[in-house]
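Colleague: Here is how the chains run, residue by residue.
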Amino acid sequence: MINCILAGVGGQGTVLASKIIAEAAMTKGWQVRTAETIGMAQRGGCVVSHVRIGDKINSPLLPLKSADIIVGFEPAEAVRCLAYLRENGIVVVNQKGIKPVTASLSDSDYDGRQMLTYLRNQIKNLVVVNGESICAACGSSRVLNMALLGAAVSTGALGISYTELEKAVRKLLPAKLIDLNILALTLGSRINKKENGK
Amino acid sequence: MKPELLMGNQAIAMGAIRAGVGIVTGYPGTPSTEILETIAARNPGNIYVEWSVNEKSALEVAAGAAYAGKRSMVTMKQVGLNVASDPCMSLAYIGVKGGMVIVVADDPGPISSQTEQDTRHFAAYAKLPVFDPSSPEEAYLMIGDAFAYSEKYQTPVLFRPTTRVCHGSSSICLDNNIAAVAAEGFKKDAKWVIFPRLSYQNHLKVEARHPILAEDFSSYRFNKLTGRGKKGIVTGGISYAYTIENMEQLSGEVKLLKIATPYPFPEKLALEFLQGLDEVLVVEELDPVIEKELLCLCGKYRLDIIINGKLSGHIQKAGENTVESVGRALHDFLGLSAADAAQPFSAPELPVRPPVLCAGCPHRASFYAVKNAMKGQKAVFSGDIGCYTLGNASPLDMVDTCLCMGAGITIAQGLQRAEAGVKQVAFVGDSTFFHSGITGVINGVYNEADMVLIVLDNSTTAMTGHQPHPGTGRTMMGNLSGKISISKVLTALGVQYVASCNPFDLELSRETVKKAAAHKGLAAVIFEAPCIAIMKPHPAYQVDADKCTGCKICIKELGCPAMILTDDKAYIEPSLCNGCSICAQVCPFDAIGGADK
Ligand code: SF4
Ligand code: SF4
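Protein chains in written order, with the numbering used here: chain Y, 1 to 198; chain Z, 1001 to 1597.
In case anyone wonders, no lab produced these hints; they're calculated from the structure.
Any given hint could turn out to be false.
Cβ-to-Cβ under 8 Å is the rule here; a few derived chain Y residues that face chain Z [what the hints assert, rightly or not]:
no.: 1; residue: Lys19
no.: 2; residue: Thr34
no.: 3; residue: Met40
no.: 4; residue: Ser108
no.: 5; residue: Ser141
Covered stretches of chain Y, as calculated for chain Z (at least 3 residues, CB under 8 Å) [what the hints assert, rightly or not]:
no.: 6; stretch: 22-28
no.: 7; stretch: 41-55
no.: 8; stretch: 112-125
For each residue, glycine too, the CB sits at the ideal point set by N, CA and C.
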């Protein structure tokens, strides 16, 4: 069984990312269960997707301490979900923080860096992704989810290969967006190898 | 057959299509919305689908179709059933000919709702059978059963999934055979006309049917009794999944009863379960419905069995269950030592992240204009249900009351009667206006209320994911119908002052609201600008760092999520900005400009 959490801020594309993982896993003949946050939180609140792969899964929500991998689209959102991470689980996290409006109003200096430092100290298997630069390289701010998926798949923790994931992307996305998204996926998968292959 | 990843709501829709449903109606509401959307998207071609103006209309349209022998389905969220309760209660007496399923999604938590009401209670109140699926795959099959039972007993039935079933997905193998349903058409008969005498007779019939249905449900395929021992667990819905998830790790003998039809309660099966037990734990969400049924049975049959659950404090009384909360209750109940609690991470303080209006949302501009127009006057701002409820947050702080769909307009009237000298302003969205705002306006005009009505018309039902409504002229059958003009409706209702304006013109908006506020009687301003999600965004705005003095006025006045302060200057995140221009209008130093600047 493989358990995965995707955590981010409403609007970042977590739901599509979880669908792509599920699609890839199903193509391999595996059973999948997912749970999404849909509703008010999608307007810039905290959103979490639970993805569970394997036979005999009952609950759509992960139990605590069971995630093989957490994909954080935003550093604080990754930290918020750490209670789900199993021992020696992997965290893939986007480097850039998103400052909540409440923080801007209260003059808080939150920018995600404190959270990254914390993650670096706590998590052995951490992959930090510079999603911003991948998005810039692709010329679209809407491919962060692909960059993170690419990084996540190349950790091996999803039990899915890059090729399998790419196939799922091709299947689920509209034709005109495929090249752009595959580029982000590829760049994401390389970052992981480069920076964490030490 | 290759499995497909289906969300619970999609599974319900596909199951209904498979069952030969002919007419589907509903009003959007989280967590139920995707059911009707999926029917429309996967329509084999012969299903009539509509977003109705509200849940009451939706239920009545579905009922009419069922009178004529069609299989019909109506979808809504739990609070929507309150709106539809009038036809629902009467229909329970009248009954149907074609199968009719009323799908009502409950929202434990609540995650996106005003209440944690329990539709299983409503079922008992209306005396209607109710089905409670525990997973998307079960929902897929169960919805077909619901139609069959509905036809067998000639009664509408309730189908009550909860959020985690609605918005959970599983891989499901679809069966592409669609049941053929022949609708015979409407046959005139006195039985379709409710009169006190008929109601009395039908009430007797409903009561007589009750034990028969209960007996029938005792052998229903998704009510399941397994295991053995002196201790028993009863559960249903998504809590069943949490229970099983935990049981696989637990040792010891235990009996397990899963209830898929909480009403009428499958008494015979429950008695079989209770046989030989000392103690029972009931794991359910929302209200202690199953727990009370068991307590009744113990009383009725003088069984000396301890029933634990919500009433006894063993299961939390509010909020949703989780794998962990159920795990803890099971450990306690079975006398096992609890698994070591997850060690809390000593994380630095996490930023709170409440939902906010999108960058570029027209509601932000509207709220800001009204706020400025009313500056210096004592005013109360009554809000309503929709994205614009988010206008309550700082810095806008423009929602002083919010109760239920359409209530803002009439709450404002009550406030006005109770307190003189305070200007009453009510906000209502376009979809909410059609849903239940219009009667409130009539009430205000008729009773000479003195208030300002602000209609936030963004050409969509935004919060639930952008459904069309009567003002958009688009229907779920893909047709263009005549758009219903809110302004003409207001004028026709006798509102003396009706003005429309584009909220992104801040100055004009402010002046228009001022004029409306000066008007005696009910005055209305319609702010017209589409939700950013249904339009092409304008190019992002930028801050000229040389001109920006770091005064933060733009940030503190508007609270746009695209704006932050970096290095003591305002900064606009280009990937978030939708180029709405209001920050540029607010900046006193002319430091913010559009792409062409
Ligand atoms: S123009 Fe200004 S207020 Fe409008 S979305 Fe962009 S940053 Fe926000
Ligand atoms: S979805 Fe549309 S209406 Fe809702 S907050 Fe965003 S822009 Fe505003």
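Colleague: Now tell me if each hint is right for this structure.
Modeller: Taking the hints in turn, this is what the structure says about them:
{"no.": "1", "hint": "Lys19", "result": "7 Å, holds"}
{"no.": "2", "hint": "Thr34", "result": "4 Å, holds"}
{"no.": "3", "hint": "Met40", "result": "5 Å, holds"}
{"no.": "4", "hint": "Ser108", "result": "7 Å, holds"}
{"no.": "5", "hint": "Ser141", "result": "3 Å, holds"}
{"no.": "6", "hint": "22-28", "result": "holds (count 3)"}
{"no.": "7", "hint": "41-55", "result": "holds (count 6)"}
{"no.": "8", "hint": "112-125", "result": "holds (count 4)"}
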